Amino acid sequence: MISVSGVRKSFGAATVLNGVDLEIRQGEVVSVLGSSGSGKSTLIRCINGLEKIDAGKITVDGFDVSKPRELSEARKRSGTVFQLFNLYPHMTAVQNIALAPVEVLKVPRRQAEDEARELLRSVGLSERAEAYPSQLSGGQRQRVGICRALAMKPSYLLLDEVTSALDPEMTSEVLSILAALAKTGTTMVFVTHEIEFARSISTRIAFLDKGQLIADLPTAEFFSDKGMALPRVAQFLSKMRKD
Amino acid sequence: MRYGDFTPFDIVLLLQGLGVSLALFVSTTLIGLVIGTIWAVIRFYRVPVLTQIVTFVAELLKNSPVLVQLFLVFFGLPAFFKINVTPTEAAVITLSGNSAAFIYVIAVSAIESVGKDQLEAARVFGLTRWQILRRVIAPQAAAFAIGPLTGLLVNQLQVTSLISVIGVMDLTKVGNILNLRTLKPFIVWTAVGALYYLTAKLVAYAGGRFEKRLRAHTAWRGL
Ligand SMILES: Nc1ncnc2c1ncn2[C@@H]1O[C@H](COP(=O)(O)OP(=O)(O)OP(=O)(O)O)[C@@H](O)[C@H]1O
Ligand SMILES: [Mg+2]
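Each protein sequence line maps, in turn, to chains A and B.
Per the numbering used here: the first sequence = residues 7 to 249.
Per the numbering used here: the second sequence = residues 52 to 274.
Calculated from the structure, these hints are not laboratory results.
Just so we're clear, the structure is a prediction, and the values are computed from it rather than from any experiment.
Please note that the accuracy of each hint is not assured.
20 Å max Cα-Cα, derived SDA-like pairs, lysine to any residue [said to hold, decoys possible]:
id, chain 1, residue 1, chain 2, residue 2
1, B, Lys167, A, Leu90
2, B, Lys235, B, Ala251
3, B, Lys167, A, Asn24
4, B, Lys167, A, Gly144
5, A, Lys82, B, Leu170
6, A, Lys82, B, Ala193
7, A, Lys248, A, Glu202
8, A, Lys216, A, Ala19
9, A, Lys73, B, Thr179
10, A, Lys58, B, Ala245
11, A, Lys82, B, Trp181
12, A, Lys112, B, Ala193
13, B, Lys167, B, Thr137
14, A, Lys73, B, Arg180
15, A, Lys159, B, Glu171
16, B, Lys167, A, Gln101
17, B, Lys167, A, Ser47
18, A, Lys82, B, Gln182
19, A, Lys58, A, Arg14
20, A, Lys216, A, Ser42
21, B, Lys167, A, Pro95
22, A, Lys189, A, Asp173
23, A, Lys58, A, Ser47
24, A, Lys73, B, Glu171
25, A, Lys58, B, Pro138
26, A, Lys159, B, Thr179
27, A, Lys189, A, Met7
Required output: the full structure, derived from the provided sequences and hints.
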């Protein structure tokens with residue numbers, strides 16, 4: 007379980023997370039929605055330890071991410087997929103995927119690369135296994151990014167707007183992979199602006215507004231009168247649908 | 052020996068001088084690479100105190116003439132510490148230090164050239180700082196650094212000629228001797244210059260070849 011409780015985070019004078027509580031259990035797909043600047047990315051970055059929180063507590067399977075010793079354990083349990091892919095440009099797709107298993111989990115290189123090829127096959131990239139990121143399209147890069155996270159066999163996937171740098175065609179190729187992962191019971195925290203997609207794969211929707219979680223509801227309820235009863239949510243949804 | 056005569060042996064003399072210059076160049080480059088890289092790693096880890104010392108020393112070495120440094124090592128150290136410093140030792144110490152300082156500067160900017168986003172990716176997947184340095188930063192930093200490094204080394208090769216003033220028998224010193232003996236400066240210095248030129252070209256060529264290999268992954272950029 008990922009447990010976020012009473013988390014506060016400021017950058018200088020700006021409070022970005024203002025007391026956030028959120029729990030993600032195994033098997034859930036939680037979409038985090040909210041307008042630009044509401045703190046979604048910051049929340050993800052606090053969970054994977056890229057940002058230090060000012061107050062509160064975040065644990066991943068009980069490991070406290072603010073304690074350096076426990077952070078490394080927490081990080082073994084969660085895999086992050088980035089908006090801009092963040093691939094290592096000097097490594098091929100296979101090498102990108104195998105790096106962390108080899109270095110962190112001490113998997114023999116041969117085995118790690120075989121597993122990497124298998125993952126690439128599952129996302130339809132068998133032929134591009136030896137390609138460098140610069141030789142891949144955006145959608146292909148993001149599929150490599152997803153494989154790289156999956157290679158660590160994480161209990162949780164953290165995804166921050168993983169399709170927003172992609173054109174519609176590439177977006178759908180990445181989303182179909184995520185939908186397949188959701189179906190197999192992969193636990194995901196999914197920050198997105200793809201409302202309809204979030205609705206189709208999520209078990210729950212968390213809505214951030216100015217650093218506060220103003221809604222945390224099962225998907226069906228969020229998109230029903232219950233969600234719409236919250237003015238900020240109604241406003242957000244109508245605006246997103248117009249775009 | 053009479054004035055004015057070149058002998059076949061002069062070729063050997065020139066080649067010996069070239070050998071000395073090359074030996075000094077290669078050894079001080081290697082020492083400079085090791086030290087400069089270690090300094091850059093110290094800075095990467097932000098080791099307190101040491102980082103400041105390294106930055107300060109590199110600044111001193113970069114901003115004072117090599118010749119002055121050479122005199123300080125050759126004449127200053129023996130006078131101050133009452134130790135014996137041979138011309139070769141002084142040459143090795145001075146040129147290594149000087150190369151180290153400039154290599155440090157190149158290494159620091161090469162490390163900083165690596166995109167922060169990949170480093171964040173490596174961190175969240177649990178790689179240690181050392182693993183990130185070795186697997187993610189070093190290969191890309193090397194590809195970045197090889198161009199400036201080649202330029203630096205071509206220059207450092209020429210700088211080795213300064214050591215002739217303290218009596219090291221390098222190529223320039225040999226040229227000096229031949230010049231005094233034959234009084235044919237044009238021929239002597241043309242020959243010496245040509246040897247430096249060819250060696251410099253060789254260094255540049257090797258650097259270029261190496262760069263191509265290190266940058267294999269960027270050859271496709273733009274597709
Ligand atoms: N490193 C930082 N330094 C200073 N301010 C920051 C930093 N990171 C984020 N912020 C600020 O924190 C606020 C929340 O940023 P965050 O990236 O979490 O928003 P978001 O919900 O992900 O927005 P978007 O939908 O545009 O991605 C923004 O106002 C942003 O400017
Ligand atoms: Mg964001």
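Here is how each hint holds up against the structure:
1. Pair hint Lys167/B plus Leu90/A holds up; C-alpha atoms about 12 Å apart against a cutoff of 20 Å.
2. Our distance criterion of 20 Å between C-alpha atoms is broken by Lys235/B and Ala251/B, whose separation comes to about 24 Å.
3. Taken as a hint, the Lys167/B and Asn24/A pair is broken in the structure, with Cα atoms around 27 Å apart against an allowance of 20 Å.
4. With a C-alpha separation of about 19 Å, the suggested pair Lys167/B and Gly144/A falls inside the 20 Å cut-off, and the hint holds.
5. Using a Cα cut-off of 20 Å, the hinted pair Lys82/A and Leu170/B holds, with the two alpha carbons roughly 16 Å apart.
6. Taking the CA atoms of Lys82/A and Ala193/B, the gap is about 29 Å. The hint is violated against a cut of 20 Å.
7. For a cut-off of 20 Å, the pair hint linking Lys248/A to Glu202/A stands: about 13 Å separates their Cα positions.
8. For a cut-off of 20 Å, the pair hint linking Lys216/A to Ala19/A stands: about 14 Å separates their Cα positions.
9. Of the pairs offered as hints, the one joining Lys73/A and Thr179/B holds, with about 15 Å between alpha carbons and a cut-off of 20 Å not exceeded.
10. The suggested pairing of Lys58/A with Ala245/B is violated, with an alpha-carbon distance near 60 Å, which exceeds 20 Å.
11. The hinted pair formed by Lys82/A and Trp181/B meets the criterion: a straight-line CA distance of about 18 Å does not exceed 20 Å.
12. Straight-line distance between C-alpha atoms of Lys112/A and Ala193/B comes to about 26 Å, which puts the hinted pair past the 20 Å bound.
13. For the suggested pair Lys167/B and Thr137/B, the alpha carbons sit about 47 Å apart, so the restraint of at most 20 Å is broken.
14. With a CA separation close to 17 Å, the supplied pair Lys73/A and Arg180/B stays within the 20 Å bound.
15. Distance restraint check for Lys159/A and Glu171/B: the Cα-Cα separation of roughly 19 Å lies within the 20 Å cut-off, and the hinted pair is therefore satisfied.
16. For the proposed pair Lys167/B and Gln101/A, the alpha carbon gap of about 19 Å is at most 20 Å, so the pair holds.
17. Distance hint between Lys167/B and Ser47/A is fulfilled; the C-alpha atoms sit about 16 Å from each other, no more than 20 Å.
18. About 15 Å separates the Cα atoms of Lys82/A and Gln182/B, which keeps this hinted pair within 20 Å; it holds.
19. For a cut-off of 20 Å, the pair hint linking Lys58/A to Arg14/A stands: about 10 Å separates their Cα positions.
20. For a cut-off of 20 Å, the pair hint linking Lys216/A to Ser42/A stands: about 9 Å separates their Cα positions.
21. The suggested pairing of Lys167/B with Pro95/A holds, with an alpha-carbon distance near 12 Å, which does not exceed 20 Å.
22. About 24 Å separates the Cα atoms of Lys189/A and Asp173/A, which puts this hinted pair outside 20 Å; it is violated.
23. At most 20 Å may separate the alpha-carbon atoms for a hinted pair to count; Lys58/A and Ser47/A meet this at roughly 13 Å.
24. For the hint linking Lys73/A to Glu171/B, the alpha-carbon distance of about 18 Å falls within 20 Å, and the restraint holds.
25. A C-alpha spacing of about 55 Å is found between Lys58/A and Pro138/B, which places the hinted pair above 20 Å, so the restraint is violated.
26. Taking the CA atoms of Lys159/A and Thr179/B, the gap is about 19 Å. The hint holds against a cut of 20 Å.
27. At roughly 19 Å between alpha-carbon atoms, Lys189/A and Met7/A fall within 20 Å of each other, so this suggested pair holds.
The structure fails to meet hints 2, 3, 6, 10, 12, 13, 22, 25 from the earlier list, while all remaining hints are met.
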